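Enquirer: Using the sequences plus the hints, can you model the full thing?
Read off the chains here:
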Amino acid sequence: MLSGISSYNGGFLADLNQTEARLAQDQQQLSSGIRVSQASDDPSAVSSILDYQEEIDRVSQAQTNLSTAAGTASAADTALQSASTLLDQLVSIGSQGASTTVSASTQTSLSNQVQQIAQLMVGVANTTAQGQYVFGASGATTQPYSFNWSDPKGVTSPTPVTASTNVLRDAAGNQLVPSMTAQQIFDAQNPDGTSATGNVFQAIYDLGTALGRPNSASFGAGNTVNLNSASNLLAGGATQTYTFQIGAQTVASTVTGNTGGISGAEALSQLNSTLSAYGITASTDSNGALQFSGASAFSVSDGGPSTGNGVSNETAGTNVASTASVTVTQTAVANAVQEIQNAVTQIGQVTTTYGYTENWIQNAQNDASDRLVTLKTGLSAVQDTDVAATATQLTSDNTALEVSMSAHASLTNKSLFSYLG
Amino acid sequence: MDVFEKAMGVIQNNVANASTPGYVTQTLDLSATAFQPGSNLYGGVQSDGVQDSRNLSAERAVWSQNEALGTATQQSSSLSSLQSLFNVSGTSGIPAALSSLYSAFSAWSTTPSSSTAQQQVLSAASQVAQAFNTTATGVNQLAAQNGSQLQSTVSQINQLSSQIAQLNGQLQTSGGSDAGVSASLYNDLETLSNLTSISVQTQSDGTVAVSMGGQTPLVTGTTQFPISVSLAPAGSTYPTAPPGAQILSFSGQDVTNVVSQGTLAGLLQFQNTTLPSVVGNGTQQGSLNILGQSVADQVNTLLTNGEISAGPPAVPGVALFTYTAGTSVAQTLAVSSTITGSQLAAIDPTTGVANGTADALSQLATTTAAAGFGASNTVDLNTATGLLAGPATQTYTFQIGTQTVPATVTGSATGISGTAALSQLNSTLSAYGITAGTDSNGALQFSGATAFTVSDGGPVPPSATGVSNEAGGSSVNIGLSSTDFYSSIAADLGNQASNAATEETTQTQLLTQAQNMRSQLSGVSLNDQAAQLLQFQQAYEAAAQMVSTINQTLSQFITDMEQA
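Line by line, the protein sequences give chains A and B. The first sequence begins at 1 in our numbering and counts up by one. The second sequence begins at 1 in our numbering and counts up by one.
Simulated from the structure, these hints should not be mistaken for laboratory data. Keep in mind that the hints are not guaranteed to be accurate.
Claimed, not checked - Selected chain B positions facing chain A (in silico; Cβ < 10 Å):
#: 1; residue: L79
#: 2; residue: T91
#: 3; residue: S100
#: 4; residue: T110
#: 5; residue: S115
#: 6; residue: G352
#: 7; residue: Q363
#: 8; residue: T366
#: 9; residue: D484
#: 10; residue: S488
#: 11; residue: A500
#: 12; residue: Q509
#: 13; residue: Q513
#: 14; residue: A530
What the hints assert, rightly or not - Okay, the calculated bits of chain A under chain B, using three or more residues with CB under 8 Å as the criterion:
#: 15; segment: 10-21
#: 16; segment: 39-46
#: 17; segment: 49-56
#: 18; segment: 63-77
Bear in mind the structure is a predicted one, so any value in this text is a computation, not a measurement. Cβ coordinates follow ideal geometry from the N, Cα and C atoms, glycine included.
Expert: Here it is, written out as structure tokens:
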């Protein structure tokens, strides 16, 4: 309220202020392109604007996540192709190693090649992309496996590795578990922790060790114990010691029974727990009889059971020297080659799964792009200035301002006093 | 001729004061003197005093509109400032910070063990806290400014009252006939009407008695009764919340409710109603604090129920946000000073999904808030007895749209069971489509068809065992996502600001109309004054000619007599 201004002029000024305020708003909307810059501009539109913006941000992030996942899936696909190539090489090596004409030295050489491929396969399992282990489960910054030929599978894992459960969500909210862990792919296990069919690492290790065991020894026909079916060996806690001479080393490996006796498998396990450190493996021949094999020459003597049924029942004190035997390894190699074939199937199935994942991601990316376009169009319709209408309004308001000021200025300011003499 | 000279003097004064605020047309009353030649009374004209044309009805109409304009102008200004603190583009402020947080959670869910992603979560959480802090600080600054304006407005009112009292004194001295003093007086009254609602009683001596809202005296005669501003008493639910403002009369009585219009009313409404709806006061938590607490509790609940590693042993997650409960949530919201990125719990132990908790956090933007008061409420209503013994009471206040609905549970001498408490609540709430029940832990929870918020007043007296025992009168919003809840706050403020601006425009026009009407009834019309001046000029000239003629006649008579 202006003091000293007549009510007539005060009304004119108030109307002028309103017109100028409208003009200012028109200009602000045109220059910014935004119709709703504060809540009072259109309170009913606030919820829609914020919902649209939040949804745009969410879908944009989903797009980013999908892009990251696509990169990871692509890296995984490439890694799986490498794994498949390596397995093909192993099949070829295995075929050579299983030949009846192959020499022990060739088998040893092939075994060394298998070890090298094993290291390469571990490298495949440890593939990284964008700073993360592609097959690393939830601990994607922890290397899944390390090469260790002393391990029964030729690899070690620093931490217990579980199946991947990480979910990937698309813009529509659908979920997918986009990745598999190195354990799931390369180290398939049974519920009891033993290697399952298709275990890639186990298959490679078995091939390598089968090829690397040209030296073998058995107690011959004098040993009639079938370890595949025996179940009451060394009952009453009896023991039986086998003494190995490996070069200058003398190594004793003792099998200990229990009250009711142990199985052949248990006996082999006890022997291998000692012998694996020396590159010697206890196994069974085609009759189930105890036999030993290793990369280097050795001799073994049987101390006989202290009492009861022994793991082998040749005459106690029998001492045999290993011989370079290609034959013994042929069965093992053939078996290992079959494991490799199973691993090839495993990798093939995993490749198919990742193919599905890549397709899912691609479709999700396309959907996200479409959603973003729709959302941005919707946001624009609610939030943005209608340029044509606002420009027209600006012209109209400007005209009204000029006309009102012109009309007010042209009003006569004379009164009767102006005409008095 | 003297009378005519006076009349022209009055006209000259009118013309000179045509633009003087508060001035109304003065008129010299004329009357004929006695003409009785037989008694040697030869008539003439006399002045019976100056009358002013002030129309009290027109004045009161102007004051009434001015009061309404004062209220609307102040509300428009205050609400405009307040709404500017709530961004509605979604690209800055609280909505942008929340969106960034949810995006950070989403990115983290794809690579839960990435230290970069973890740090981005912490950084985004810090931005959320800062956004709430900044908004709360801005609102509190507005409150402080509003408080200062209250002080200055009350000072202006007291200053004007003092001036009016002095002018009353001058009018008493002048016998109530000083047009200039009267103009100043009514100008001050008009100015005062813009500041507060006034009621004016005119006295026979021309002075005025002014009261605020017709009840609280401001001026009586030459005595002024100054008013003052003070802090209102602290509330019972949130005793540490900033108090509101109250107006005290000269005798120290709380007369806040008397102030119904004017700038003062606009300031009081903003201080005692609008701002507390956002940042709380002694009886409510405030929507900004409810939102902040809701976001923090949702995030913390998910993280503390999640696992950092599955172990064994499993390592549970830790809370991300901290805050001081009650009306300080938004101001004190912060990221825990001890949490590190590696302590963010991504694993959902209930499903075994390695990034399940991270994924759930990323969905919070569209997740409605919990139906209960969270883990802090440990009362198991399935087994509880002895609740609200004494008897004590506990009131839950629901905000359902614009409706505020209290639901009170009353105990007994020995206390009541949880079932009885639920029954009492539902007897009130059923009419509003809200149901009180229990969650899987037996804790109190509410559900409804539409969104609402609920605040727990706590047991009264506080020593009694309550139906729920979360700390400090907690409030939760139910049925709204954080985005929607923020939208409701911003839209509500926008509505108020828009309505206030429209009201200001309307009241401006109405005031102009009232002023025009007053001007027509009692303002100075230059044309009228010019016509009267012409009339009195002619009459003066005629009277002067009469005197000259009579003088010539007498002179001739004297000359003739001398010659004779």
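Enquirer: Does each hint hold? Answer for all of them.
Expert: Status of each hint after checking the structure:
1. L79: holds (8 Å)
2. T91: For T91 of chain B, the interface hint holds, since the closest Cβ of chain A sits about 7 Å away, which is under 10 Å.
3. S100: holds (8 Å)
4. T110: holds (5 Å)
5. S115: holds (8 Å)
6. G352: holds (6 Å)
7. Q363: holds (8 Å)
8. T366: Where the cut-off is 10 Å and the nearest Cβ of chain A is about 8 Å from T366 of chain B, the hint holds.
9. D484: Holds, because the Cβ-Cβ distance from D484 of chain B to chain A comes to roughly 7 Å (cut-off 10 Å).
10. S488: At 7 Å from the nearest chain A Cβ, S488 of chain B passes the 10 Å test, so the hint holds.
11. A500: holds (9 Å)
12. Q509: holds (7 Å)
13. Q513: holds (8 Å)
14. A530: holds (3 Å)
15. 10-21: Holds: 4 residues of the segment 10-21 of chain A have a Cβ under 8 Å from chain B.
16. 39-46: holds (count 7)
17. 49-56: Answer holds; 6 residues pass the 8 Å Cβ test.
18. 63-77: With 4 residues in contact (Cβ-Cβ under 8 Å with chain B), the coverage given for the segment 63-77 of chain A holds.
Violated hints for the displayed structure: none, as all numbered hints are satisfied.
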